[in-house]
Each structure stands twice: as structure tokens, then as C-alpha cells.
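Let the sequences and hints guide you as you build the complete structure.
Residue numbers (the numbering used here): 563 to 921.
Please note that the accuracy of each hint is not assured.
[Unchecked claim] Calculated cross-link-like contacts (lysine-lysine; reagent style PhoX-like; alpha-carbon spacing at most 20 Å):
#1 601 to 781
#2 589 to 601
#3 771 to 751
[Said to hold, decoys possible] Between beta-carbon pairs, the in silico distance windows are:
#4 869 to 824: 51 to 59 Å
#5 593 to 851: 15 to 23 Å
#6 900 to 774: 29 to 37 Å
#7 915 to 872: 19 to 27 Å
#8 751 to 843: 22 to 30 Å
#9 885 to 851: 15 to 23 Å
#10 721 to 917: 24 to 32 Å
#11 751 to 668: 37 to 45 Å
#12 585 to 843: 31 to 39 Å
#13 885 to 709: 13 to 21 Å
#14 723 to 780: 29 to 37 Å
#15 587 to 851: 39 to 47 Å
#16 579 to 783: 52 to 60 Å
Keep in mind the hints are simulated off the structure, nothing from the lab.
The beta carbon of each residue, even a glycine, is placed where N, CA and C say it ideally should be.
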Amino acid sequence: VKSCGDEIMGIVEKIKEIEAEMARTQKNKATEHHLGLLKARIAKLRTQLLEPAGKSGGKGEGFDVARYGDARVALIGFPSVGKSTLLSEVTETKSDAAAYEFTTLTCIPGVIHYKDSKIQLLDLPGIIEGAAEGKGRGRQVIAVAKSADVILMVLDASKGDIQKKLLEKELETVGLRLNQSPPQISFKKKKTGGITFNNTVPLSHLDEKTVMNVLHEYKVHNCELLVREDITVDQLIDVIEGNRRYVKCIYAYNKIDLITIEEMDKLARRPYSVVISANMQLNLDVLLQHMWSAMGIVRIYTKRQGQPPDFADPIILSEGRGGHTVEHAVLHLHKALRDEFKYSLVWGRSVKHFPQRLV
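Printed below as a string of C-alpha cells:
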């Protein structure tokens, strides 16, 4: 009988063999169908690689943290980049920080009180290369990251590029898509009727033969596929897999007190990036503002008729938790109100007149 560990090692070996074959294969028009097929096989194997973690039962100690507050941010990074120091500085939680690696061994939650909202910040153990394969409790760390509204990737400013590439690769391997939108593809499986494939825009990265090869690799022989943007084969595989998580990511380059002004300026100008020093408390206010913007949080203050607004306890709506609709604001008050709701009066900078009536 094969053990779970042997099964995982077998899958990892198969992935490495296919990756080696892809590396040997030249990229041109003649080989694009073959490469698309290999990518589909790797994606299937990686999905199998994650399944044993869910079947094996017990979760890691301290990793099952209940959701709290209006949003959740996960701190991801290599050991000793300053995650615990950052948590201690921006929340009231004290996470052990020391000059050696792997100080944090479990998931430590903290709460940021910012602009009348409560943001849950999770300090996760440092992940190492190969985390997606289960090394260094990588699976538990990445599972928590998947439940976050925003990922805060903490990087050492002096080693940022290397760490960023490795972490992005690990997160992409397990189905996390950082700072990307879901591709505009409509994919519906059917019982009969064969494959119907249509595209509304010219496709420069794949053709119909590649699409058919990928669908057959997944044993999909009856479906409707409508493509509304110029996609790659990787995006097509993501839609067929159906288990990808599209999440905002902020790159926090820590320890800027150890690099030059010129190096810091280059890092600060990169997209989705903030430069900080958790130890010296530099630029933490800008980091919080970036987190707030990434979560798309909107505060709604309720007002009784004939009385001033209640600015003490707002309703918090966010893009990742239902969106910014009147319906979700009503549901936050009470589920039963939705059936009795008639209209709302809205004040704010986005309305055309004061108050604006919304039904």
C-alpha cells in the first residue's frame, strides 16, 4: 500500500519530468499544441498534489483561525524578513521576533483598527522554496493565504527581486493569481452536443486545435466555450480547473534603513509596492493606506429620520465580500430587512443630488 508521502513524491517527480520536457522543447508554431498539452498535464498533477492535504485530516496547530473583522490580510514571506515585527507595530498583538529564522511556528492573528474598520492581520510562519509541495508547513501557510482578502508579501529590501520571484512561483503553483482579474471566458459543461467554441476577439496565443487538445486532456467532450479576450493557454487551464483564487497583493519591501536612497526610490516606484522599515516604524501609515485601497473598503454611516448620522459604528462593505450594493448594506443590518426594504436615501460624494433615492 502506498503511503501519502510516497504518492506526493511520485506526483512531484512526474511534474519535474514534464517541466524538463517543456524546457527541452523549442517554442514555435509547430510545438505550441504540444506545450499546451504539457501545461494542462502539469496543472492536473498540481491539483492532485493539493488534494492529499485536504484528505489527511488534522490541520497545523494554530492555523485554523476564525474570520474576524471586516477584512483579512495574510503576511507572506521568507523567514526573518520582519513579519512578526510588522504585526507587533501595527496591531496590539505581540508576536515573538528574534534574529534567527523560524521564530514564528504557528499562525498568529492581530487586529488593525483603521478608519473605523477592523482588519484581521495574520502573521504566518516563513515559507521556504518548495512550500507548494508541503515543505516547511508550506501547505498550511498557503491554505490560510487563500482565505485572505489581500496578501501582504513582506520582502527584504536588499534581496527583494529573488524573494519576490520565488514567492510568486510558489503561490502561482497552488492556484493563487496575484493582482490579476479572472479571464473573460464563459465555460459551461453539457451532457451532450459536443464542443462549441467561439471567440469574439482575435486570439494570438492559442488556436482551436490547442483549445481542443486541452479540453480532451481534461476529458471534456461536451461544453460551450466563449472567449471574450485574447487569452493564453494558462488562462484557459485556470478556467477549466475552476479552483483559482484571484487576490490583490501588496509587496512590502522591509528594512529600507539598510539600503541606499536610490535603491529605495526604485523599489517605491514599482507597481503594488510600498517601502517600509517595521523596526524603525517608517512609512507604516502609507502601507495601511495601500492595504485599505486594495481591499476596496467603503464605510456607510446610518442615519435615523430627523437625526444626525451615527459616525460611531459604520457598515463596512468591501469588493471581496459581496461588493458595494444597497442590498449588501441592508443584509449587514439584518437578513429579514431585505424582504421589507422599499428604498434608501443616500448622501455622499458619489451621488448626483442630496439625498439621492435608491430603490
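We went through each hint and held it up to the structure:
1. 601 to 781: holds, 15 Å
2. 589 to 601: Within the cut-off at roughly 13 Å; holds.
3. 771 to 751: holds, 19 Å
4. 869 to 824: 51 to 59 Å: holds, 55 Å
5. 593 to 851: 15 to 23 Å: Violated - the Cβ-Cβ distance for residue 593 and residue 851, about 47 Å, lies outside 15 to 23 Å.
6. 900 to 774: 29 to 37 Å: Hint violated: Cβ distance 45 Å, outside 29 to 37 Å.
7. 915 to 872: 19 to 27 Å: holds, 23 Å
8. 751 to 843: 22 to 30 Å: violated, 53 Å
9. 885 to 851: 15 to 23 Å: holds, 22 Å
10. 721 to 917: 24 to 32 Å: Given range 24 to 32 Å: violated, Cβ gap about 53 Å.
11. 751 to 668: 37 to 45 Å: holds, 40 Å
12. 585 to 843: 31 to 39 Å: The hint (31 to 39 Å, Cβ to Cβ) is violated, given that residue 585 and residue 843 are roughly 45 Å apart.
13. 885 to 709: 13 to 21 Å: holds, 18 Å
14. 723 to 780: 29 to 37 Å: holds, 35 Å
15. 587 to 851: 39 to 47 Å: The hinted range 39 to 47 Å holds for residue 587 and residue 851, with Cβ atoms some 46 Å apart.
16. 579 to 783: 52 to 60 Å: At 27 Å between Cβs, range violated.
Consistency note: the structure conflicts with the earlier hints numbered 5, 6, 8, 10, 12 and 16.
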